[in-house]
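Please take these sequences and the hints and turn them into a complete structure.
Take a look at the letters that make up each chain.
There are 2 protein chains.
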Amino acid sequence: MKSGLSFLIAALRREIDELDQLARTSALVATIGRLIHALQRERGLSNVFLASAGQRFADQRTEQATACLHAEEAVRACFDRLEADAGSIGNGARLFSRIAWVLPGLDALPALRRRIGAGELTAAEATAAFVKLVSGLLAVVFEAADGATDPEISRLLVAMFNFMQGKEFAGQERACGAAAFASGRNDADRQQQWLHLIESQERCFQVFVEFAGDGMAGLWQGSQPAAQRAEQERLRRIACAAPAGVALDPELSAAWFDCCSRRIDAMQSIEERLAADLRLICERRIAQARAELEAHEALLSRLPADAGTPSAAFFDEPPMEETPPRTAGAAAPFGRQLERSILEMVQDQSHRLQAMSEELDTVRAALNERKLVERAKGLLMAHRGLSEEEAHKMLRRTAMSQGRRLVEVAESVLAMAEYLPGEPRR
Amino acid sequence: MKSGLSFLIAALRREIDELDQLARTSALVATIGRLIHALQRERGLSNVFLASAGQRFADQRTEQATACLHAEEAVRACFDRLEADAGSIGNGARLFSRIAWVLPGLDALPALRRRIGAGELTAAEATAAFVKLVSGLLAVVFEAADGATDPEISRLLVAMFNFMQGKEFAGQERACGAAAFASGRNDADRQQQWLHLIESQERCFQVFVEFAGDGMAGLWQGSQPAAQRAEQERLRRIACAAPAGVALDPELSAAWFDCCSRRIDAMQSIEERLAADLRLICERRIAQARAELEAHEALLSRLPADAGTPSAAFFDEPPMEETPPRTAGAAAPFGRQLERSILEMVQDQSHRLQAMSEELDTVRAALNERKLVERAKGLLMAHRGLSEEEAHKMLRRTAMSQGRRLVEVAESVLAMAEYLPGEPRR
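Protein chains in written order, with the numbering used here: chain A, 15 to 440; chain B, 15 to 440.
Mixed in with the good hints there might be a few duds.
The list treats identical chains as one, so a pair stands whether inside a single copy or across any two.
List of simulated lysine-lysine pairs, BS3-like, C-alpha gap at most 30 angstroms [to be verified]: (1) LYS385 - LYS16; (2) LYS407 - LYS16; (3) LYS146 - LYS16.
It is worth saying that the hints were derived from the structure and are not from the lab.
Structure follows, in C-alpha cells:
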C-alpha cells in the first residue's frame with residue numbers, strides 16, 4: 015500500500031515525463047518551422063520560375079530544393095524520435111495521425127519538383143501544392159500546441175503557432191502579389207484574396223503579441239523597419255487600391271518579391287528566438303520539477319516503509335485536539351510538525367496543479383478559433399459533399415462578401431447545422 | 015525514415031494505450047463508488063449513533079466499519095496498480111495529486127472511528143469529516159472523467175461522476191434530515207441547507223440522464239418506486255415546509271433514515287450497472303482499435319521496408335495525370351489503387367480523430383460547471399484568506415440567499431475578480 019507522499023512523487027514524475035515530452039515536441043516545432051521557411055522560399059521561387067516560363071530563378075530553385083531536403087531530413091528524424099518515445103505523449107494519437115497525413119506530401123515532393131521543372135504545372139497549381147503541404151505541417155504544430163500540459167510552455171507554443179501561421183499568410187501574400195505584378199494586371203477576385211491574406215496575417219500576429227510576452231513583442235516590432243513597411247504598403251496600395259483590371263508594372267514583381275522576402279526572413283529570426291525561448295523554458299521547468307522531486311524523495315526516505323502518510327491533521331476541520339499517534343509505533347517517530355508539513359505539501363501541490371490547469375484552459379481558448387473553423391469545414395464537407403479545399407473557399411468567400419471574420423462565419427455555420435441541406439455523408 | 019503508414023499505426027497504438035488506461039481508470043471509478051457507498055452508510059450510522067448518545071446502531075456501525083475496510087483495500091490496490099502503469103495516463107500528474115490528497119484521509123479513518131466510538135465528536139463534526147473524505151474521493155473520479163480521451167467513454171464517466179455526486183448529496187440529505195428529526199425540531203438554517211441539497215442532487219441527476227443514454231435513464235426512473243418517492247416527499251414537506259422552529263416527531267427519524275437508505279441503495283445498483291456498461295464499452299473500443307491496427311499492420315507488411323508512403327495522390331488537387339512511380343523500383347509494385355487506399359485510410363483516420371475530439375469537447379463542457387465553482391473558491395481562498403470549506407459555504411450562502419445556482423454565483427465571483435478586496439495571498 016502506497017502512501018500519499020508516494021503519489022505526490024508519482025505526480026511529480028508524471029509532470030517531469032510530460033515536460034520532457036514537451037521539450038521534444040518544442041524541438042519538433044522549431045524544426046518544422048525551418049522546413050516551412052525553406053518550402054515557402056521554394057514556393058516563391060517556383061512561382062516566379064513558372065510565371066516567367068522558366069526564364070528566372072532556375073538555379074536558385076535548384077539550390078533551394080537542396081536546402082529543403084536538409085530541413086526535411088531534420089523533420090523526419092524528429093518524427094522518428096517522437097515515435098520511439100510514443101508512450102509519454104498526451105495527445106499522441108492525434109499528433110501521429112497529423113504526421114501520417116503530411117508524410118505522403120513530403121514523399122511526393124520530388125515528383126512535384128520534377129513537374130515544376132518540366133513546366134507541367136501553372137504557377138497557381140504549384141502554389142496550391144506547396145500551400146497544402148505547409149498547411150499539413152502547421153496542423154502538426156497545432157496538435158503539439160494543443161497537447162501541451164504546462165501553461166507557460168503552452169502559451170509560447172500558441173504564440174509560436176500563430177506566428178508561423180501569420181508568416182504563412184505573409185508567404186501566400188508574397189506569391190499572390192508576385193503573380194499579380196508578373197501578369198501585368200490585377201483582378202477583383204485576386205484583390206479580395208489579397209486583402210484577406212493581409213487581414214488574416216494581422217490577426218495571427220495580434221494573437222502572437224498577446225501570448226509571446228512584452229520582450230518578444232518588442233523584438234517583433236523592431237524587426238520591421240519603417241522604410242520596409244512603407245515600401246510594402248506602397249506596393250500593396252498600387253495593386254489593391256487601384257480599380258480592378260488596371261495595368262500593373264511587371265517590373266514591380268521583383269521589387270515586391272524582395273520586399274516581402276526581407277520581411278519573411280526577419281520573421282524567421284523571430285521564430286528562431288521563440289524556439290530558443292521555448293527550449294530555455296522547458297529546461298527551467300524540468301529543473302524546477304526535478305528539484306522538487308528530489309526534496310520529496312529525501313523526505314520519503316526519512317519515513318519507514320510501513321508508515322503510511324502521517325494523517326492525524328487531515329480531519330482538522332472540525333478542529334481536533336492533539337491526539338496520540340493512531341497506530342502503535344508506525345507514526346510515532348514523527349511529530350505533528352512533520353505530519354503537517356507533508357499534508358501542506360500535498361495541498362500546495364494540489365493548488366498548484368489546479369492553478370496550472372486553469373491557466374491552461376485560458377491559453378487553449380486561443381486555439382479554439384481554429385478548431386471552430388475546422389469544425390465548420392467538416393460540417394460542410396459532410397453535408398454538402400465538398401472537399402476540404404472547397405469548404406474552406408466557401409467559408410472564406412462568405413467571410414469576404416459579408417465583411418465578417420472567418421471564425422464568425424464558422425460559428426454561424428455551426429449554429430445552423432440542422433438547417434444544412436442533405437444528410438451527413440460521413 | 016518512417017512512412018506515413020507507420021505513424022498511422024503509431025497513432026492507433028497510442029489510442030489502444032489510452033483505451034487500456036481508460037479501462038483501468040474506469041475500474042478505479044467503480045471501486046471508488048463502492049467505497050463511497052460504504053462510507054456514506056457508515057456516516058449515516060455514526061450520525062444516529064452520536065445523536066442517540068451511543069444508544070442506537072452501535073453494532074451496525076462496527077459491522078459497517080469492516081465493510082468499509084474491505085472497500086478501502088480494493089481502492090488502495092487500484093491506486094497502486096495505477097501508479098505502476100503511470101506512463102500512459104494522460105493527466106497523470108493531476109490524478110495522482112488528487113490521490114495523494116485523499117490518502118491521508120483514509121489513513122486517518124481509524125482515529126476518526128475511535129473518536130466517534132468514544133463519543134468525542136458531535137454528529138455534525140463526524141458528518142463533516144466523512145463529507146470531506148468523500149469529496150476527496152469524488153475529486154479523484156472527476157479527474158478520471160476529465161482525463162478521458164475517448165468521447166464515448168468520457169460521456170459515461172461524466173454520467174457516472176454526476177450520478178455519484180448526486181448520490182452524495184442524497185447521502186448528505188439523509189444525514190441532515192436524520193439530525194433534524196432526531197433533535198425534535200428544525201431551524202431556518204438547516205431548512206435552507208436541506209432545500210439546497212435537494213436542488214443540488216436534482217441537478218446532478220439531470221446531467222446524468224442527459225449523458226447516460228435512454229436505457230440507463232429509464233432504469234434510473236424505474237428504480238424509484240412511486241410509493242417510496244411519495245413517502246420521502248411527505249417527510250421532506252413535514253420538516254421543510256413547516257415554519258422554522260416547529261417541533262418535529264423524533265420517531266420519524268428512523269422512518270426518514272430507512273426511506274433515504276432504500277433510495278440510496280437503489281442508486282448503488284444503478285451505479286453498478288453504469289460501471290458494467292463502462293467496462294463493456296472499454297472492451298468494445300479496445301477490440302475495434304486492435305482490429306484496425308491488425309489491418310494496418312497487414313498492409314504495412316506488404317510494403318518493402320524502403321518504400322515510403324505511396325504518395326503520388328497527395329497533390330491531386332490540382333489533379334495530376336497518371337505518373338510513373340517517382341523513385342525507380344521503390345513504389346513500383348504498388349498500383350495507384352493501393353496508393354489511394356492508403357492515403358484514404360490516413361485521411362479517414364484524421365477525420366475520425368477530429369470528430370472524436372469535437373465530441374470530447376462537448377462532453378467535457380459538462381465538467382466545466384464544477385471547474386468554475388472550484389475556481390471561484392480558489393479566488394476567495396486567495397483573496398480573503400478563507401479555508402476551502404469557508405469559501406464553499408460563502409458561495410453556497412450567496413446562492414441560497416439570491417435564489418441563484420451555485421455556478422452562476424461562481425461566474426459572478428470570477429467576473430468581479432479585480433474588485434475583490436486584498437492582494438491574492440498565494
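Each hint, compared with the structure:
Taking the shortest alpha-carbon separations for LYS385 and LYS16, only the inter-copy value of 28 angstroms comes in at or below 30 angstroms, while the best intra-copy value is 41 angstroms. For the homomeric pair LYS407 and LYS16, neither the shortest alpha-carbon distance inside one copy (57 angstroms) nor that between copies (33 angstroms) is at most 30 angstroms. When the C-alpha separation of LYS146 and LYS16 is checked against a cutoff of 30 angstroms, the pair qualifies only between copies, where the shortest distance is 21 angstroms, while the shortest distance within a copy is 51 angstroms.
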